[in-house]
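Peer 1: Protein chains in written order, with this note's numbering: chain A, 17 to 124; chain B, 5 to 174; chain C, 381 to 932.
Since the hints were made in silico from the structure, they are not lab data. The beta carbon of each residue, even a glycine, is placed where N, CA and C say it ideally should be. Treat the hints loosely; a few may be bogus.
[Claimed, not checked] Result set (BS3-like, lysine-lysine): computed pairs, CA atoms no more than 27 Å apart in a straight line:
| no. | chain 1 | residue 1 | chain 2 | residue 2 |
| --- | --- | --- | --- | --- |
| 1 | B | 132 | C | 417 |
| 2 | C | 574 | C | 545 |
| 3 | C | 656 | B | 172 |
| 4 | A | 112 | C | 417 |
| 5 | C | 417 | B | 85 |
| 6 | B | 167 | C | 858 |
| 7 | C | 656 | B | 103 |
| 8 | C | 574 | A | 56 |
[As the list claims (entries may be wrong)] Have a look at the derived ranges for each label pair, beta carbon to beta carbon:
| no. | chain 1 | residue 1 | chain 2 | residue 2 | range |
| --- | --- | --- | --- | --- | --- |
| 9 | C | 653 | B | 9 | 46 to 54 Å |
| 10 | B | 169 | C | 690 | 51 to 59 Å |
| 11 | B | 26 | C | 413 | 54 to 62 Å |
| 12 | C | 590 | A | 72 | 39 to 47 Å |
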Amino acid sequence: MATPAQAVTANRLNDGEVVYLDAAGNWAESLDESKFVTDKAEAQQLLEQGEKSVDDRVVLDPYLFDVTIENGVAIPVKKREHIRANGPTVRLDLGKQAAEPVEFKKAS
Amino acid sequence: MPLVKDGRVTDDSWTAVGDDDQRPDGCSIIVSLERWQKDREDLRKCNQPLGIRLKSDQPPSLIEEDLGHFGLIALEFPVYKDGRAYSYARRLRDEMGYKGEIRAVGNVLRDQFLFMLRCGFDSFEVQKEKDVAAWKDALAEMSVFYQPGADTRTPVLSLRQRKIAAKKST
Amino acid sequence: MYRYDEFDQQLVNERVEQFRGQVARRLSGELEEDEFKPLRLMNGLYLQLHAYMLRVAIPYGTLSSKQMRMLAHIARKYDRDYGHFTTRQNIQYNWPKLGDVPDILKDLATVEMHAIQTSGNCIRNVTSDQYAGVAADEIEDPRIASEIIRQWSTLHPEFSFLPRKFKIAVTGSPHDRAAIKVHDIGLIIVRNDKGEVGFEVYVGGGQGRTPMVGPRIREFLPKNELLAYLEAILRVYNELGRRDNLYKARIKILVHQTGAEKFAQMVEDEFAKIDKTGELNLPNDEIERITAYFADPAYKELPTISADFQAKKSEDPAFAAWVANNVAEHKVPGYAIVNISLKPIGGIPGDASADQMDAIADLMQKYSMDEIRVTHEQNLTLPYVEQGDLYDLWQSLKAHDLATANISQITDIIACPGLDYCNLANARSIPLAQEISERFGTGERADAIGELKIKISGCINACGHHHVGHIGILGVDKKGVEFYQITLGGSADENASLGDIVGPAFTEDKVIDAIETIVDTYLDKKQDGEKFLETYRRVGLAPFKETLYAAG
Numbered sequence: 017m018a019t020p021a022q023a024v025t026a027n028r029l030n031d032g033e034v035v036y037l038d039a040a041g042n043w044a045e046s047l048d049e050s051k052f053v054t055d056k057a058e059a060q061q062l063l064e065q066g067e068k069s070v071d072d073r074v075v076l077d078p079y080l081f082d083v084t085i086e087n088g089v090a091i092p093v094k095k096r097e098h099i100r101a102n103g104p105t106v107r108l109d110l111g112k113q114a115a116e117p118v119e120f121k122k123a124s
Numbered sequence: 005m006p007l008v009k010d011g012r013v014t015d016d017s018w019t020a021v022g023d024d025d026q027r028p029d030g031c032s033i034i035v036s037l038e039r040w041q042k043d044r045e046d047l048r049k050c051n052q053p054l055g056i057r058l059k060s061d062q063p064p065s066l067i068e069e070d071l072g073h074f075g076l077i078a079l080e081f082p083v084y085k086d087g088r089a090y091s092y093a094r095r096l097r098d099e100m101g102y103k104g105e106i107r108a109v110g111n112v113l114r115d116q117f118l119f120m121l122r123c124g125f126d127s128f129e130v131q132k133e134k135d136v137a138a139w140k141d142a143l144a145e146m147s148v149f150y151q152p153g154a155d156t157r158t159p160v161l162s163l164r165q166r167k168i169a170a171k172k173s174t
Numbered sequence: 381m382y383r384y385d386e387f388d389q390q391l392v393n394e395r396v397e398q399f400r401g402q403v404a405r406r407l408s409g410e411l412e413e414d415e416f417k418p419l420r421l422m423n424g425l426y427l428q429l430h431a432y433m434l435r436v437a438i439p440y441g442t443l444s445s446k447q448m449r450m451l452a453h454i455a456r457k458y459d460r461d462y463g464h465f466t467t468r469q470n471i472q473y474n475w476p477k478l479g480d481v482p483d484i485l486k487d488l489a490t491v492e493m494h495a496i497q498t499s500g501n502c503i504r505n506v507t508s509d510q511y512a513g514v515a516a517d518e519i520e521d522p523r524i525a526s527e528i529i530r531q532w533s534t535l536h537p538e539f540s541f542l543p544r545k546f547k548i549a550v551t552g553s554p555h556d557r558a559a560i561k562v563h564d565i566g567l568i569i570v571r572n573d574k575g576e577v578g579f580e581v582y583v584g585g586g587q588g589r590t591p592m593v594g595p596r597i598r599e600f601l602p603k604n605e606l607l608a609y610l611e612a613i614l615r616v617y618n619e620l621g622r623r624d625n626l627y628k629a630r631i632k633i634l635v636h637q638t639g640a641e642k643f644a645q646m647v648e649d650e651f652a653k654i655d656k657t658g659e660l661n662l663p664n665d666e667i668e669r670i671t672a673y674f675a676d677p678a679y680k681e682l683p684t685i686s687a688d689f690q691a692k693k694s695e696d697p698a699f700a701a702w703v704a705n706n707v708a709e710h711k712v713p714g715y716a717i718v719n720i721s722l723k724p725i726g727g728i729p730g731d732a733s734a735d736q737m738d739a740i741a742d743l744m745q746k747y748s749m750d751e752i753r754v755t756h757e758q759n760l761t762l763p764y765v766e767q768g769d770l771y772d773l774w775q776s777l778k779a780h781d782l783a784t785a786n787i788s789q790i791t792d793i794i795a796c797p798g799l800d801y802c803n804l805a806n807a808r809s810i811p812l813a814q815e816i817s818e819r820f821g822t823g824e825r826a827d828a829i830g831e832l833k834i835k836i837s838g839c840i841n842a843c844g845h846h847h848v849g850h851i852g853i854l855g856v857d858k859k860g861v862e863f864y865q866i867t868l869g870g871s872a873d874e875n876a877s878l879g880d881i882v883g884p885a886f887t888e889d890k891v892i893d894a895i896e897t898i899v900d901t902y903l904d905k906k907q908d909g910e911k912f913l914e915t916y917r918r919v920g921l922a923p924f925k926e927t928l929y930a931a932g
């Protein structure tokens, strides 16, 4: 079963690292730790929560993006978010994927 | 908004007058270009010094013939990224020989003070209190200038020329 | 090469500390991102997909070995052991931390380098010909004018908040290797009837969303009046360039909408008002001072042809192939210009590791009078190599994977970072370059195809110069899927032209085959020794369109 969902992402102010808002309201470095929401109101609430961190100088430009949850694993819908979540597709030794290499999925 | 002139916070001796307001007596007033164009005859009778405020899409060439009437020209930065007024100030100083006050108004921020001074602005309606306090620091950040400006800072080229001349004379 | 005097050095040092203060004010909350962003951009600092990106200027592309070593040091100390050489004679680091950037800039300042105005709506890093000073057909070294412009444009008080970015390029040769006609201002150094050296001025060229080849607005500009004339162009643009629409804000739109002739007149009117007895009038002393830095190095008297070099060429075909593709004629007998390809087969165009940079620095010292050039085609050029050293140099380059013999060939591809790194990109560019490179490789097939410049951009901003590629590829996003649009017949040289779109875009898995079809069509149509571009200009779009879309 594939369920469409949303999460909030941003870049960290200090180092630009891609981060995701988790259930505890912290910014996590891995998409797996992100909080996923399925309804619009919840998504809006999550985004507003994320936006507070801009004033606190933790992150820049938080926004909502789409994922599909398959067997409990979130897969970003857009290639851009896939690349942000993993790293450059041409340098698998760089970015988040460097710690735990993943096979990059070609556009279907 | 605090006004900085000659490096000091100063009381503003000018009063802005709206387009529909009556012209007050006994004080120096600043009017818009529209007001000047509409009420030119009336305003010229004014005994007080006259100031004009130009928006960023109103080049000073529009008032070139009338420059003698103005003791102050305020140039607006609607956002600090709109840099047209830098060129307007240069034109007023370098090409039109305007000697009166050129005031920066609008989104006037610390990191632009030095650029503005170099283009010929000499008074500043500063948006943030903190930026006023940092005035001296902001100006001291750079001491080397490659370009001739409308201020008295000596550009590098002249300093180099002096060095060459000094070498030749010894 | 140019060396900073005390004024140049002080300015760069002060700029480092000024930026340190701006970063501190950002981190303390005194500056909001809206206010900070243009300040960081004016120091070359972007926020990209994965991290910040710092773009460091290599003014007119010239580096010493000391500077090259510093670039390697920065890659190691603050980044991930590599750098990316760009089409604008800059180098980009993809992973710096915000708090480290002032220290990076401080390190750069110790070797007379900076990141000033490598982004932002200001006058950008001035670019020039990588063969400056060594090309046989050169009238004057374009780096003299480039350095004069670098200084004049640095922290210009009037032109730091222009409607949009502003790029100036200079060439000193009639053969244009600096793509000057697709710049906001392009300068060609020329000699007039009286034998005086000056500039021919082009304005309003550019790529991006609305590509244009710039028209000429001045046939001859005397040297001393260069800065006054540039100031006139910039003043007209600063006042009248559009600020209501980001996509129409470049000077090319103003020139186009005003008409080149009328625009030229506006510039002349402004130029007439500028005081040319004042400081903008370049004194001969200053021109001579800067010229002296670019004087010829102490060349040896060498035989025109080195016998040893000739022998090595006939003994070693791989060496001969590298010489044929990567080595260019030098103005001094017995010397050679050596191009180092940063396009290994299947590699990332323009990337170099810290170890490679250090190795190159050694080779610069040993074989090229301590100097190298960075090219707008994302390669490097050693300008002063003795023919007799070529074989040893080639072997050293091979040891560092830097001897790919493919300059100007189908695998010498310009590619922007694309969606693998860039926040603006719609599609990836690098994987395409890699696949094309692997498909065609080097050797007989690549030699048979000959000169063919493929340029790939991951979005309409055209950082990969696709409009002026013999084959241009533009990545577009269609509902989250990458598509690639192909153009043919573009060129960035003295006969600049913009490519024609062949038809509907291709998907990622079809685009490499499409390139192969284009190449096969060319090989089929080519006459005698025709290059791809010559064939295209003769036969036009139709035969390519036909073979590309026939099956569909």
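Peer 1: Give a verdict on every hint.
Peer 2: Hints, verified against the model:
1. B:132 to C:417: holds (18 Å)
2. C:574 to C:545: violated (36 Å)
3. C:656 to B:172: holds (25 Å)
4. A:112 to C:417: holds (26 Å)
5. C:417 to B:85: holds (11 Å)
6. B:167 to C:858: violated (62 Å)
7. C:656 to B:103: holds (21 Å)
8. C:574 to A:56: violated (75 Å)
9. C:653 to B:9: 46 to 54 Å: violated (28 Å)
10. B:169 to C:690: 51 to 59 Å: For residue 690 of chain C against residue 169 of chain B, whose Cβ atoms are near 54 Å apart, the range 51 to 59 Å holds.
11. B:26 to C:413: 54 to 62 Å: This hint is violated: roughly 44 Å between Cβ atoms.
12. C:590 to A:72: 39 to 47 Å: Hint holds: Cβ distance 41 Å, inside 39 to 47 Å.
Taken one by one, the earlier hints fail for this structure at numbers 2, 6, 8, 9 and 11, listed in ascending order.
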